[in-house]
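**Q** Sequence:
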Amino acid sequence: MRNRWLAPAGLAAAALVVAACGSSSSSGGSGGSASSPSAAPATSSAAATAAGTTLESKKAGSAVLLTNAKGFTVYWFALDTSTQSKCNGSCATYWPPVPGPATAMAGVNGKIGVITRSNGAKQATFDGHPLYTYVSDTAPGMAKGNGLNVSGGVWHDIVLSGSAAPAPKKSKSSSGGGGYGY
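First residue of the sequence shown? That's 16 in my numbering, and the numbers climb one at a time after it.
Treat the hints as calculated values from the structure; they're not laboratory data. Hints should not be assumed to be uniformly reliable.
Distance ranges between label pairs, derived from CB positions [unchecked claim]:
#, residue 1, residue 2, range
1, Gly177, Asn134, 31 to 39 Å
2, Thr131, Gly156, 24 to 32 Å
3, Gly167, Met120, 28 to 36 Å
4, Asn134, Ser176, 16 to 24 Å
5, Ser178, Thr131, 17 to 25 Å
6, Gly135, Ser178, 36 to 44 Å
7, Gly167, Ser97, 26 to 34 Å
8, Ala154, Thr131, 14 to 22 Å
9, Asn134, Lys74, 28 to 36 Å
10, Val169, Lys126, 20 to 28 Å
Model, not experiment: these values are computed from the prediction. Glycine included, each C-beta is placed from N, C-alpha and C at the ideal position.
Produce the complete structure using the sequences and hints provided.
**A** Shown next as C-alpha cells:
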C-alpha cells in the first residue's frame, strides 16, 4: 500500500515544479526584473519561446532604438556571426538571448530571422545579428549595455534612426584582471 501513495504524490510534486517553472515566463528575456548583474537570468517557458518575441522601435534620447515589446533595449554582440551566438554560459546570464522567432512592428525595418543556439533554443536575429537584452537595463528606455566591452567583445544597441548616445568611456584605473567586467 505504501508504494501506491508514493507514485501519485510524486506526480503531484512534479506537476507543481513544472507549474512553478512555467509561471516565470512573464519576464523571459526582458531584462526588466533583475536589479544587479549578479541576479539570475530570466527564463522563459516553452510556450513563451514558441510564441517568440515582438520587436518594436522606441525613442531614447535623440535615437530610435530596437526594443522588445516591453520597451527594453535590444543588443547585438560583436563576436557573434549571422548563424552562431558566441554568448553562452555565464555570458547569457547577463545578456539573455531574445527568444525567436520574432515579429517586427511598424518602424522596424530590417531582416528578422532566427538561429538555433548551442543549447537548442531559438534566438531572434536582426539584420544577421543574434539579439540580447541586458540585465542592468532595469527600466524601458535604458541602454546601459551600449558600448560595453565584456565577455570578449563589444555590445551595441541597435539604432533604427537618429544618433545613439556615445559609448561609455573606459576608466584609466580599470584593471586588466581578465574578469567579465560586470
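**Q** Regarding Ser178 and Thr131, is the given constraint of 17 to 25 Å on their beta-carbon distance met?
**A** Because 34 Å falls outside the window, the suggested range is violated.
**Q** Quick one: are Gly135 and Ser178 within 36 to 44 Å, going by C-beta?
**A** Between Gly135 and Ser178, where Cβ atoms are some 38 Å apart, the hint holds.
**Q** Does the Cβ distance between Thr131 and Gly156 fall inside 24 to 32 Å?
**A** Holds: the Cβ-Cβ distance is about 31 Å, inside 24 to 32 Å.
**Q** Please check whether Asn134 and Lys74 have a Cβ separation lying inside 28 to 36 Å.
**A** This hint holds: roughly 34 Å between Cβ atoms.
**Q** Do Val169 and Lys126 keep their Cβ atoms within the hinted range of 20 to 28 Å?
**A** holds (22 Å)
**Q** Using the beta carbons of Asn134 and Ser176, state whether their distance is inside 16 to 24 Å or not.
**A** Between Asn134 and Ser176, where Cβ atoms are some 34 Å apart, the hint is violated.
**Q** At the C-beta level, are Gly177 and Asn134 separated by a distance inside 31 to 39 Å?
**A** About 35 Å separates the Cβ atoms of Gly177 and Asn134, which means 31 to 39 Å holds.
**Q** The hint says 28 to 36 Å between Gly167 and Met120; measuring C-beta to C-beta, is that right?
**A** holds (32 Å)
**Q** Does the beta carbon distance between Ala154 and Thr131 stay inside 14 to 22 Å, or does it fall outside?
**A** violated (31 Å)
**Q** Take a look at whether the Cβ-Cβ distance between Gly167 and Ser97 falls inside 26 to 34 Å.
**A** Violated - the Cβ-Cβ distance for Gly167 and Ser97, about 18 Å, lies outside 26 to 34 Å.
Of the numbered hints given earlier, the model fails hints 4, 5, 7, 8; all others are met.
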